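*Asks:* Here is how the chains run, residue by residue.
Protein chains: 2
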Amino acid sequence: MKPEMILLAHGSGGKLTHDLIRDLFQRYLSNVYLDDLGDAAVLPEQRGRLAFTTDSYVIQPIFFPGGDIGKLAVCGTVNDISMVGARPLYLTAGYILEEGLPFADLERIVASMAETARAAGVQVVAGDTKVVDRGSADKVFINTAGVGWIPDGVALSPRNVRPGDAILVSGTVGDHGIAILCQREGLEFSTSLASDCAPLNGLAQAILARGAVRVMRDPTRGGLATTLVELARSSGMGFEINEASIPIKDAVRGACELLGLDPLYVANEGKLIAIVAGADSEAVLAAMKAHPLGRDARIIGRVTEAHARRVVLKTVLGVSRVLEMLTGEQLPRIC
Amino acid sequence: MKPEMILLAHGSGGKLTHDLIRDLFQRYLSNVYLDDLGDAAVLPEQRGRLAFTTDSYVIQPIFFPGGDIGKLAVCGTVNDISMVGARPLYLTAGYILEEGLPFADLERIVASMAETARAAGVQVVAGDTKVVDRGSADKVFINTAGVGWIPDGVALSPRNVRPGDAILVSGTVGDHGIAILCQREGLEFSTSLASDCAPLNGLAQAILARGAVRVMRDPTRGGLATTLVELARSSGMGFEINEASIPIKDAVRGACELLGLDPLYVANEGKLIAIVAGADSEAVLAAMKAHPLGRDARIIGRVTEAHARRVVLKTVLGVSRVLEMLTGEQLPRIC
Numbered sequence: 001m002k003p004e005m006i007l008l009a010h011g012s013g014g015k016l017t018h019d020l021i022r023d024l025f026q027r028y029l030s031n032v033y034l035d036d037l038g039d040a041a042v043l044p045e046q047r048g049r050l051a052f053t054t055d056s057y058v059i060q061p062i063f064f065p066g067g068d069i070g071k072l073a074v075c076g077t078v079n080d081i082s083m084v085g086a087r088p089l090y091l092t093a094g095y096i097l098e099e100g101l102p103f104a105d106l107e108r109i110v111a112s113m114a115e116t117a118r119a120a121g122v123q124v125v126a127g128d129t130k131v132v133d134r135g136s137a138d139k140v141f142i143n144t145a146g147v148g149w150i151p152d153g154v155a156l157s158p159r160n161v162r163p164g165d166a167i168l169v170s171g172t173v174g175d176h177g178i179a180i181l182c183q184r185e186g187l188e189f190s191t192s193l194a195s196d197c198a199p200l201n202g203l204a205q206a207i208l209a210r211g212a213v214r215v216m217r218d219p220t221r222g223g224l225a226t227t228l229v230e231l232a233r234s235s236g237m238g239f240e241i242n243e244a245s246i247p248i249k250d251a252v253r254g255a256c257e258l259l260g261l262d263p264l265y266v267a268n269e270g271k272l273i274a275i276v277a278g279a280d281s282e283a284v285l286a287a288m289k290a291h292p293l294g295r296d297a298r299i300i301g302r303v304t305e306a307h308a309r310r311v312v313l314k315t316v317l318g319v320s321r322v323l324e325m326l327t328g329e330q331l332p333r334i335c
Numbered sequence: 001m002k003p004e005m006i007l008l009a010h011g012s013g014g015k016l017t018h019d020l021i022r023d024l025f026q027r028y029l030s031n032v033y034l035d036d037l038g039d040a041a042v043l044p045e046q047r048g049r050l051a052f053t054t055d056s057y058v059i060q061p062i063f064f065p066g067g068d069i070g071k072l073a074v075c076g077t078v079n080d081i082s083m084v085g086a087r088p089l090y091l092t093a094g095y096i097l098e099e100g101l102p103f104a105d106l107e108r109i110v111a112s113m114a115e116t117a118r119a120a121g122v123q124v125v126a127g128d129t130k131v132v133d134r135g136s137a138d139k140v141f142i143n144t145a146g147v148g149w150i151p152d153g154v155a156l157s158p159r160n161v162r163p164g165d166a167i168l169v170s171g172t173v174g175d176h177g178i179a180i181l182c183q184r185e186g187l188e189f190s191t192s193l194a195s196d197c198a199p200l201n202g203l204a205q206a207i208l209a210r211g212a213v214r215v216m217r218d219p220t221r222g223g224l225a226t227t228l229v230e231l232a233r234s235s236g237m238g239f240e241i242n243e244a245s246i247p248i249k250d251a252v253r254g255a256c257e258l259l260g261l262d263p264l265y266v267a268n269e270g271k272l273i274a275i276v277a278g279a280d281s282e283a284v285l286a287a288m289k290a291h292p293l294g295r296d297a298r299i300i301g302r303v304t305e306a307h308a309r310r311v312v313l314k315t316v317l318g319v320s321r322v323l324e325m326l327t328g329e330q331l332p333r334i335c
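From first to last, the protein sequence lines stand for chains E and G. Note that our numbering gives residue 325 to position 325 of the first sequence, counting from 1, and the numbers run on in steps of one. Note that our numbering gives residue 243 to position 243 of the second sequence, counting from 1, and the numbers run on in steps of one.
Keep in mind the hints are simulated off the structure, nothing from the lab. It is possible that part of the hints are untrue.
Given that identical chains are not distinguished, each listed pair holds provided it fits within a single copy or across any two copies.
What the hints assert, rightly or not - Computed list of lysine-lysine pairs in BS3-like fashion (alpha-carbon distance at most 30 Å, straight line):
no., residue 1, residue 2
1, Lys314, Lys15
2, Lys15, Lys139
3, Lys289, Lys314
4, Lys15, Lys2
Small disclaimer: the values here were computed from a predicted structure and weren't measured.
Could you build the full structure based on these sequences and the hints that come with them?
*Replies:* Printed below as a string of structure tokens:
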């Protein structure tokens, strides 16, 4: 018999915890490692360096156009692993649930995680559930950690970036953050506003095979601008970005204008930035465009020796301005 | 300049997030992998199967006798990895902070994580910080995930358990849960009540070297009894436990009597159960006792063919009763 809502006892480690594991988590996420139910999953030996990362997800609302907190929790961690050139294989999932969460909401989230994991080719191999008293959390928070292995010969790093390299973005920017904000505030600018939340491992592997990729990064919190500033600083190079080349959906641009937001600072959850040897930039761009998640890819700028550690934006009006990191909190609980 | 308290903007992914990483997390937890600040940590290739696990920590209060949420978050994950026979090496840390958390509290927690990680010989190689609005979380929740490698030849599993095996516990039970409950309720039964929170990797490695260990488990939420029931079920064997052999501190026993709790169901955070070939049980017991965290170790029972999948407790009064898993929620937010 399914419970109607989550109770404190679901986090006790006792019978109700076991019921929840068997009737919900194993039902949707079952695999040979998870089903072992040991203190830790035991995974086969793999060749290569290990990529290891984590993110917690506190997005509000938990269901939104284009996804939900479960899909986001799988994509976000798959993407972070993919950005260092690794093939993501295994995830863990840690749930913090607020007492009273409708069981049906949790089931919908776990089903979505399972579907996204399947699409990304990863398995959830270990998990944990804690329940806190009503008012001590907001519905559900999810942490995912992930591991993947980096094939020999792949070594991405901002330190590899050279003058003359091209800077590519795999598609339109700002979709995720604007979709969340409009949903949260009850604004309806357009039916085309949806999160871009997607697993990028397939796209990342496709472009790695096609040219000298120096470094990749997915521009989540802080948006394209903050990620570019981070990369410029850690590479020691200057970046020149052509504003007119940055793909932005009309609906996102319109919403940003009305809300007073800069789309370059709005979060994405299904886009990547790649810095690529100049000679390979067209081949990598073609590989991006050939992938369903890279159809709107563009070359948005290039790496220079001039203005080291800075990102200079050439605006559509022809003036140049230096981009800074996001200051303040543009949109809280966006992921 | 240190902030006085955590603001929403510390979770923005922008400048304040970067300041927090540099001025707090890197200051205490710095290592070559963490300092790389990529989307995922890139770790050297290792031999052996990979152990991978996660736990979220929502303990209340965040500071308690014997530890704090930071120490607990390192120990809990180190211990889960150690229980499958792996040597834990790397952790991730995901923080969910409530807006307004005093910076000094967070600093104390991170310093404690660093100290515990050093003691356990592990490194925090990746992290994440989210901030939620006041009232949407309770001060701080921490998720840790961890990886370790299992040496060739080590293969622990409940399926290895055989009749005649001995069941050992590494020390007194119930210390953690009772210490938390007394702190929370403002009860002072005794100054000797403190959490047993400790990293068990050293103890686990010491006993693995000394005999045929079939399986290990750390009896956290649900306590000794629930963990034994889990092991009996997954091994398919019967367990006979001698109540008089179970080490329990007088102060814990007294508190349990007054509070109406059964110490066998109270959480531990620095104890392990090991099931060991009968012939090796004295050698493994001696190895436990020789370790600072195993001084109070005891053989508490044995594995039988009789009453398969059940745990039978021979009480001090001479009667036998079948132990069940914890039902209901004995102590919420104990870890």
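*Asks:* Would you mind marking each hint as holding or not holding in the structure?
*Replies:* Do the hints match the structure? See the list:
| no. | hint | verdict |
| --- | --- | --- |
| 1 | Lys314 x Lys15 | between (61 Å within a copy, 23 Å between copies) |
| 2 | Lys15 x Lys139 | both (22 Å within a copy, 28 Å between copies) |
| 3 | Lys289 x Lys314 | within (24 Å within a copy, 70 Å between copies) |
| 4 | Lys15 x Lys2 | within (14 Å within a copy, 45 Å between copies) |
The structure is consistent with each of the numbered hints, conforming to all of them.
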